[in-house]
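Colleague: These protein sequence lines are chains V and S, in that order. The numbers in the first sequence follow the working numbering, run straight up by one, and end at 225. The numbers in the second sequence follow the working numbering, run straight up by one, and end at 47.
Some hints here could point you the wrong way.
Restricting the straight-line Cα-Cα distance to at most 30 Å, the calculated cross-link-like pairs of lysine-lysine (DSS-like) are [claimed, not checked]:
| hint | chain 1 | residue 1 | chain 2 | residue 2 |
| --- | --- | --- | --- | --- |
| 1 | V | K207 | V | K3 |
| 2 | V | K70 | V | K207 |
| 3 | V | K136 | S | K2 |
| 4 | S | K2 | V | K207 |
| 5 | V | K30 | V | K136 |
| 6 | V | K70 | V | K136 |
| 7 | V | K3 | S | K2 |
| 8 | V | K70 | S | K2 |
| 9 | V | K136 | V | K207 |
| 10 | S | K2 | V | K30 |
Keep in mind the hints are simulated off the structure, nothing from the lab. What you are looking at is a predicted structure, and each value in this text was computed from that prediction instead of being measured.
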Amino acid sequence: MLKTILGVAAVFLLIAFTAYLSFYYAPIEKSMGVIQKIFYLHLPSAFSSFVALGICFYANLRYVFTRQPKWDWLGVSAAEVGLAFISVVLITGPIWAHPVWGIWWTWDARLTLTFVLWLLYISYLLLRSMLEDPDKRALFSALFGIFAFLDVPLVYFSIRWWRTQHPQPVILGGAGSGLDPRMRISYLLVWLAFTGLMVLLLRARYKLEALRAGVDELRREAEIQ
Amino acid sequence: MKNLDSVLAAYLAGWAIFFAYYISVSRRMNTLRDEVERLKNLLNRGK
């Protein structure tokens, strides 16, 4: 319990500190102005969603090979948390785009593939809700989750492979790309804070799934009696 | 400052999503805890 409280306190202190860095330490971008501050929410959310979906992919693979329920619990937990982070990306992107591009949305490769990613993980959760048998639910959703994850590298590389309205990468981009050092350190710390937040949400969601399995077990016992 | 309202809207919307998700997990957890209690009582009465 104490470890959990310390973990939550550490993540929230880091979030508060990185909020200060984002708004006061990192300089205002010259061409876009203050609207570029959305970067410190939009990009870390995207990268944290990739981490969560990577965990989901790993758990799905482990479930297929071991059939241990704990991997199914981790898979669904990571998918749901990843979906929350992608939702933040899809909401903050258009709010940023409108004053800068003059449009809320365009069907370019990056935006479309991100929207498809969101739909894929919505489908993953819908698929689970439609299957009654726990073993079938776990196996089919694990197989679907492995397929769904294929979209993550496509989202990541889309701005490198195709010409898009979405800006070219500023993190791990090619020659001529990059960030002001104060922006870079602020971004990296925000991402660390968001990854911490992702882990906290994932732990809470995993506990929920484990409790659900316990309830199913108790229900079966009650039915036998 | 130009577009400050958009920055505020983005941060409010983003944090609202995280908060709503956490509330949703907590509510589902409470419902399941109540169900565990109910089932345990049911099983104890049956013994």
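Colleague: What hint numbers does the structure not satisfy?
Modeller: 3, 4, 5, 7, 8
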